[in-house]
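Protein chains in written order, with full-length UniProt numbering: chain C, 1 to 488; chain S, 1 to 488; chain A, 1 to 488; chain E, 1 to 488.
These are computed hints drawn from the structure, not numbers from a lab. All figures in this text were calculated on a predicted structure; none of them were measured in a lab. A couple of the hints might just be wrong.
Stated by the list, open to error - Taking lysine to any residue pairs in the SDA-like style, the calculated list, with each CA pair at most 20 Å apart, reads:
#1 C:Lys123 / E:Ala68
#2 A:Lys370 / A:Ala413
#3 A:Lys330 / E:Leu153
#4 S:Lys330 / C:Pro21
What the hints assert, rightly or not - Quick list of the computed label-pair ranges, beta carbon to beta carbon:
#5 S:Phe217 / E:Asp49: 49 to 59 Å
#6 A:Asp63 / E:Asp104: 39 to 49 Å
#7 S:Phe217 / C:Asp468: 51 to 61 Å
#8 E:Arg475 / S:Gln326: 52 to 62 Å
#9 A:Gly420 / E:Thr215: 13 to 23 Å
#10 S:Glu230 / A:Lys330: 38 to 48 Å
Claimed, not checked - Here chain A is said to cover these stretches of chain S; the calculated rule only asks that three of the stretch's residues, wherever they fall, bring their Cβ under 8 Å from a Cβ of chain A:
#11 123-131
#12 139-150
#13 354-362
We put the CB at the ideal spot given by N, CA and C, even for glycine.
Number of protein chains: 4
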Amino acid sequence: MQSELSHLNEECGVFGVWGTPDAAFLTYTGLFALQHRGQEGAGITINDDGQLRTKRGLGLLNDVFNAADLEQLQGQAAIGHVRYSTAGSNLLENIQPLPFNFSDTQFALAHNGNLTNAETIRKNLEDRGAIYHSSSDSENLMHLIRLSKATTLDEQVKDALRTIKGGFAYLLLTKDRLYAALDPNGFRPLVVGKLPNGGFVVCSETCALDAVGATFFCDVQPGQLLRIDESGLSISAYTTDTQLAICSMEFIYFARPDSDIYGVNVHSARKRMGALLAKEQPVEADLVTGVPNSSLSAAMGYAQESGLPYEMGLIKNQYSARTFIQPTQKLREQGVNMKLSAVKGVVAGKRVVLVDDSIVRGTTSRRIVKLLKDAGAAEVHLRIASPALKYPCFYGIDIQHASELIAANQTLAEMRQTFGADSLGFLSVPSLIKAVGLNTGAPNGSLCVAYFDGKYPTPLYDYQEQYDQEQEKLRRRDEPKHVTTSSY
Amino acid sequence: MQSELSHLNEECGVFGVWGTPDAAFLTYTGLFALQHRGQEGAGITINDDGQLRTKRGLGLLNDVFNAADLEQLQGQAAIGHVRYSTAGSNLLENIQPLPFNFSDTQFALAHNGNLTNAETIRKNLEDRGAIYHSSSDSENLMHLIRLSKATTLDEQVKDALRTIKGGFAYLLLTKDRLYAALDPNGFRPLVVGKLPNGGFVVCSETCALDAVGATFFCDVQPGQLLRIDESGLSISAYTTDTQLAICSMEFIYFARPDSDIYGVNVHSARKRMGALLAKEQPVEADLVTGVPNSSLSAAMGYAQESGLPYEMGLIKNQYSARTFIQPTQKLREQGVNMKLSAVKGVVAGKRVVLVDDSIVRGTTSRRIVKLLKDAGAAEVHLRIASPALKYPCFYGIDIQHASELIAANQTLAEMRQTFGADSLGFLSVPSLIKAVGLNTGAPNGSLCVAYFDGKYPTPLYDYQEQYDQEQEKLRRRDEPKHVTTSSY
Amino acid sequence: MQSELSHLNEECGVFGVWGTPDAAFLTYTGLFALQHRGQEGAGITINDDGQLRTKRGLGLLNDVFNAADLEQLQGQAAIGHVRYSTAGSNLLENIQPLPFNFSDTQFALAHNGNLTNAETIRKNLEDRGAIYHSSSDSENLMHLIRLSKATTLDEQVKDALRTIKGGFAYLLLTKDRLYAALDPNGFRPLVVGKLPNGGFVVCSETCALDAVGATFFCDVQPGQLLRIDESGLSISAYTTDTQLAICSMEFIYFARPDSDIYGVNVHSARKRMGALLAKEQPVEADLVTGVPNSSLSAAMGYAQESGLPYEMGLIKNQYSARTFIQPTQKLREQGVNMKLSAVKGVVAGKRVVLVDDSIVRGTTSRRIVKLLKDAGAAEVHLRIASPALKYPCFYGIDIQHASELIAANQTLAEMRQTFGADSLGFLSVPSLIKAVGLNTGAPNGSLCVAYFDGKYPTPLYDYQEQYDQEQEKLRRRDEPKHVTTSSY
Amino acid sequence: MQSELSHLNEECGVFGVWGTPDAAFLTYTGLFALQHRGQEGAGITINDDGQLRTKRGLGLLNDVFNAADLEQLQGQAAIGHVRYSTAGSNLLENIQPLPFNFSDTQFALAHNGNLTNAETIRKNLEDRGAIYHSSSDSENLMHLIRLSKATTLDEQVKDALRTIKGGFAYLLLTKDRLYAALDPNGFRPLVVGKLPNGGFVVCSETCALDAVGATFFCDVQPGQLLRIDESGLSISAYTTDTQLAICSMEFIYFARPDSDIYGVNVHSARKRMGALLAKEQPVEADLVTGVPNSSLSAAMGYAQESGLPYEMGLIKNQYSARTFIQPTQKLREQGVNMKLSAVKGVVAGKRVVLVDDSIVRGTTSRRIVKLLKDAGAAEVHLRIASPALKYPCFYGIDIQHASELIAANQTLAEMRQTFGADSLGFLSVPSLIKAVGLNTGAPNGSLCVAYFDGKYPTPLYDYQEQYDQEQEKLRRRDEPKHVTTSSY
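Extracted from the complex, chain C is given alone in its bound form:
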């Protein structure tokens, strides 16, 4: 369920374009297609004949930019960013692209991901006198580039990329080129497209390529640095020590259904997750319904595999992206609900299979099960089209503590009770891997599944100590409570 408060939050979407008039408008359009990746802030930097100008602000793209703004951002190249910011840090300073003005040159930087050694780098540089302006970790790259002793900008950027660790898809705009870089594990997606007029686009998802009329050219590979300039696109590797481990949550929840990641269509992958879930966690019921909008694909897959009718049991108010007004707790208990509603005519008296993509804190699940029961559903069988989330992510998803995750704190039986569901079942990790079906030969089907099994594909650097302490704390509690992915 996208944009519910208690759900996961991707940290960003990036979009860059080189070599086309209307660069700002295309960037706006591309970011609009990526708006689901971040709703707290947005920005665009235009390269106007060698001069970089940035406009950024808090809120949705439409809060930040109007038609007049876009008309003023004239240029042949641009980068843009939509941001989700963690609570308390929604400062304008952190909204990207980050602009950097030097006596002799300018840069603008957009980053999707999270670094694992940012704190160490920052402390080292601050000890040498460096000044940071944002509180985000994205700024590190710029400092490292400026401090590199290499003689070309290409090599300075590579130096810097080799120093940082974690998950990152970077776009870096200068007066005469656009760089794009991906971390050695390819945690975050990044794709290249071509415009009809020969210009290039680099962005987080292929849905943004479609939105601007670009054709897919290639996925950026782990460890690659791309440079796009007057002479076209050149691709090189800043490291060969790479291994694809793309974030599985991109397939499960984040990415838009119409996007393809490394050749795999996201909607189709979700349908397969639903189908495999139906095999692993079958149940006798009258109909299948999904939590709109992110779980509809999996629900279709579950229905098709199980032979149960696929139904519209829940409706999401299509204007809910924009309401800041919330009912009080008292009104909520009286049944006031502004975002979701159950279709009584469909669910009343029926045994319902409710498919959701994933469960974080569990608050939403409890609410939706109650909504269906209040609408007269005879039974509600909750089926989650992904494994249980039990470990934090350090590569760009906003789950920083296991303590926030219900599946790290309750058994399957406890959770079922918490949700008020008649049964509960999760997809297994092997089925998730099979449903995605990437065949690059890397472990775990080239996916990062660390939130499910706690096996991180890289050292955790600055986060290791915090992680160890939290795990110790969880272990000390009387009994093993970790969920098993079998049905209860």
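Assemble the complex: chain C is given as a structure, and chains S, A and E must be docked to it using the hints.
Relative to the frame of chain C, chains S, A and E by itself:
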């Protein structure tokens, strides 16, 4: 396809509540659930201990009201309105509820529908010295009430209601009561619900009852006047010359899928339309997909009946309710598209059945067919889950001229070519009536189907002359071009 | 002291123009020059080739109109209005010009003043079925025009004007003409100017003529109706029962110093008031200072006549027109002051004559005397360049109750003590009349001085009863407490 | 004439407070009193129990802060800034206070003035890898502090202050203290006050002390560093190589009349300038009037000394601080004027002495002379209460090029003709010095008068080359055209 410019526009949604604290908040929540019925303006009138206060403005509900506004609107009763205004008349004066301040009393009026003798009434009253402030026809009722010689307000209101003709669902708030009235044909839906604390709600659709935690009490019947006050709800008839002819477009397109109208769930009715369409207009294909969001129900029905897989072939950007920025024609031709996108991974190489709810001008249909073909669809078979729109509506839907309707101007073969579809088929009127399945004994299954067959259930009064001229003009064109609802 | 909360508030300024491109821009400019007459709302109606369009809103002119708005208001004629609204009635409905749309024609109405028989007219018309939309009394005129049996619009307007009583300067715009009308006593100022291109301007003060580059043509005379249309300006009288009694507060406080009223420059009149005040209320002191900005002229006159140096003892923050943030009472007591400050370097150790234009509630006076004393002034002698305000006004100034007026409730000695001044003196009525120096032969030098002596130049109609009750109440208090205008 | 586009612009005002609840509100109030020093942007940093939070934005204080903002900024200490930004650099990044977030601490910096070796410092630091975020020179100090090898923050700050050159009044807020520093020449004013509760205030002008109810404590002296913390105020010197040369334009035009600078009241100093001007540049005339608001003091002095009556010949629209709408050139030529107007009743037929404080480009002077003549003035004798501006300023006033200064390009005779005045006269430098009357023993009466005589009190560092080139260019023109300060 809701909120596309070239589609139909309902003229309004109304919501009223009596006898509860948080009256303004509930009205806000109810209007939020009715936002699909009007996006150009919104307003709320609160009854604050006998004093009426109105706040209204242009734009979506969220543009007009913030949390502070709602806190200031304290009272035990309220009415509200969301409005679609026809081009050129989006004046603040026309946003409802319309407030009326007299020396000794106050009224507030909210209206969904369109009167057919408004012009005549207005001219008569103006000749007597009356002053109108809005340019909308809603104001007439107030003038008529004040001019009535009857001795009680109840009778004055009934006098006024008997004078006006056309489609109307009225809410009228005073210092000590809330009136609700429906026209003698029940063209527009209007339902009553009860709050947990005993208060009453009257509103356009049951989805708004669900949103505020009210339980369905009854549908308002044609010709009824309801009065809600301290002593509860009393229902009387201002006329007995009634015959239900509810607007079939409510079932086809306007109402929310989770609403029930006269006991019929809208989603389920649409699914049946889709299923009957599959029977009447079958086609060999690989999958079925609907135009999001309003055609998904019909597409599910078509898929289920035909045995073809139901797929997500099109995605609607969930933030599109709020973008005011449009690509230029040139960019649009390059493939830039901000609202809809095709899921290439689903449709490429496939024979697609594309289900849409209805066709007005045809511009959107052409665009969507092209979108699917550009995404690689092998064939696109367009199936419309309603009969062809050929005649204007005078009871509250914004189709004022047959010349705007493609089906009044082109044959089925011509339309197919215009849309670039491989085949085209509409639902028949009998199947529409069967799909809805209302059994009140009134003609046409108690539906108004005049936009399909030109047989209006009432005289047209002020519109008759204009209608005759237009029909004459269409008739004079060389050949009979009216569409037949068989497949081509 | 303009724009202090506790001071008087003029109810409006009006501006109309006929026969010039840029009509909206000129109206905006003219209203900007009249902004001191009303800060709560503003509006402009343009005549765009026979079509009237109105834009209006709450706040200062600059809050309501931006450059884009003005560009959209293209036309050859326009009227505009700036409004001060009394507490609680700052509804958008009351912001003028009031637009009226009839089936066959349109009107827009702007009014400065206050009617004394509005309530009676309204009740009569409502009993006949009339509907009022605003709660202001301005709307009456339109109703009366429409109800007139006369055969020409000219005569209908005159009929209506003869029915209403009180103070009014009206502008009425139609598709083909602009009317201007003044009440039979000329309570409010209204002047005509000519543009370089031959167009006409009618507005509240000559300062607005200057602002738009128009030359003064004539003052509108009491009882006149002006019509401006294609064939030029024609002036007629709707009544001959007239007697000039222009509001003396226009000279004392409201009007801008650069305006001329019936040939008398306002600044110069104020200077003469100050000079006569120096003669009537002399005092031994070191310097004279005025309360900025409205009392500076009188202070100059006092200084010049007395031979004392004129000094800048008080500074008004020039951004204070726009601050909505107020210090708390606690901070205010600590000396926090956002609008006015004393110039210590000027007043410390000095005996100061403080000249203010008038005193309403007295709160401001007490605050300013304290400000000077805190800044080290040895003595503060308060001199008021007008007689003591003791009676309400019913012709357009916002003093509705004698109970609000300190001089109706305290003796001179009590007031002096309340203010903390070392002495206190007011100007006498005869000196006020002499200072203005109008020579039309009407009583009181053609001025209305009723707020000083309670002798109203017209019957009070709807207000008589309320007035009698209040006076009775004041009389019943133990002792006669009315101020005498001699020094204490 | 403040806020006219063609006039001088001070680069900022600063305000800091330590040790009081309501720190943000007092800072807001103080900045409101300093708004005349900068209208393009404003910001406040609060110290909320050791955490610094900054809010800043473009526009007037009231555009940036509302009451809710101030309530959220709770803390015991704060600094604030109002900014004038030169064209093209009005970026949010440049609005102060500049916030700096380090891993272990935070700083916020507010700066009034201009550095002369900023470019050199920046280039040096960038070569070492430093990253600048703003394009302003204010950021240098923070970099230098962090690079200092000294062991205490006090010494690090002093190190940094000794490195930078030019004009500066700095406020630096940390979690546990507030620093204030003044350059070795004291180019910009900076004063300390005490609050009733014992807290300290440091700000640009004493008018801000008065506004917040603080009492004057001391002027900060050239070369001083002040530290305010829990233990109170401590003052030390970071250099002893100092010599007071306070910007004479502060006395002439910038500072508010109610402020005292080094014990000299600004209004009184201006009055003395006017009086000496009357002696040096007498003329036969009927009255004296000043350009509102900044020249009124000098005009009073001229009138008093000359024995001519002081009059209100010009009125400034008191709402003009907020209009963004400008008449077109064509309308301006027709006499449309939104900001200033002449009082015809005062000036018609009269010989007017028009006193202005200074002349920069001369455009405003020409406009005002024309305004008076159009209003019927028989003669206009322009008298400037300061010497002719002929050289740029590098210490914080926005005159960067002599080519912008009319007096650097035209003779007195040419200027008189350009302005259309009947005569023209400037004040001499010795009289300016005498009028201010500072007696600290430093040259030029402790004033910087370099804009008049080109003798700068410090080396020009980064600006020397540019200055030399411009002077050479001026010299090369055929004839010596520099103005002499005698009357023509």
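Do the hints match the structure? See the list:
1. C:Lys123 / E:Ala68: violated, 36 Å
2. A:Lys370 / A:Ala413: holds, 18 Å
3. A:Lys330 / E:Leu153: Violated, at about 37 Å.
4. S:Lys330 / C:Pro21: holds, 12 Å
5. S:Phe217 / E:Asp49: 49 to 59 Å: Holds - the Cβ-Cβ distance for S:Phe217 and E:Asp49, about 55 Å, lies within 49 to 59 Å.
6. A:Asp63 / E:Asp104: 39 to 49 Å: Holds - the Cβ-Cβ distance for A:Asp63 and E:Asp104, about 45 Å, lies within 39 to 49 Å.
7. S:Phe217 / C:Asp468: 51 to 61 Å: holds, 60 Å
8. E:Arg475 / S:Gln326: 52 to 62 Å: This hint holds: roughly 58 Å between Cβ atoms.
9. A:Gly420 / E:Thr215: 13 to 23 Å: holds, 21 Å
10. S:Glu230 / A:Lys330: 38 to 48 Å: holds, 45 Å
11. 123-131: Coverage by chain A holds for the region 123-131 of chain S (6 residues, Cβ < 8 Å).
12. 139-150: With 5 residues in contact (Cβ-Cβ under 8 Å with chain A), the coverage given for the region 139-150 of chain S holds.
13. 354-362: Not satisfied, violated; 0 residues make the cut.
Checked against the numbered hints above, the structure breaks hints 1, 3, 13 and satisfies the rest.
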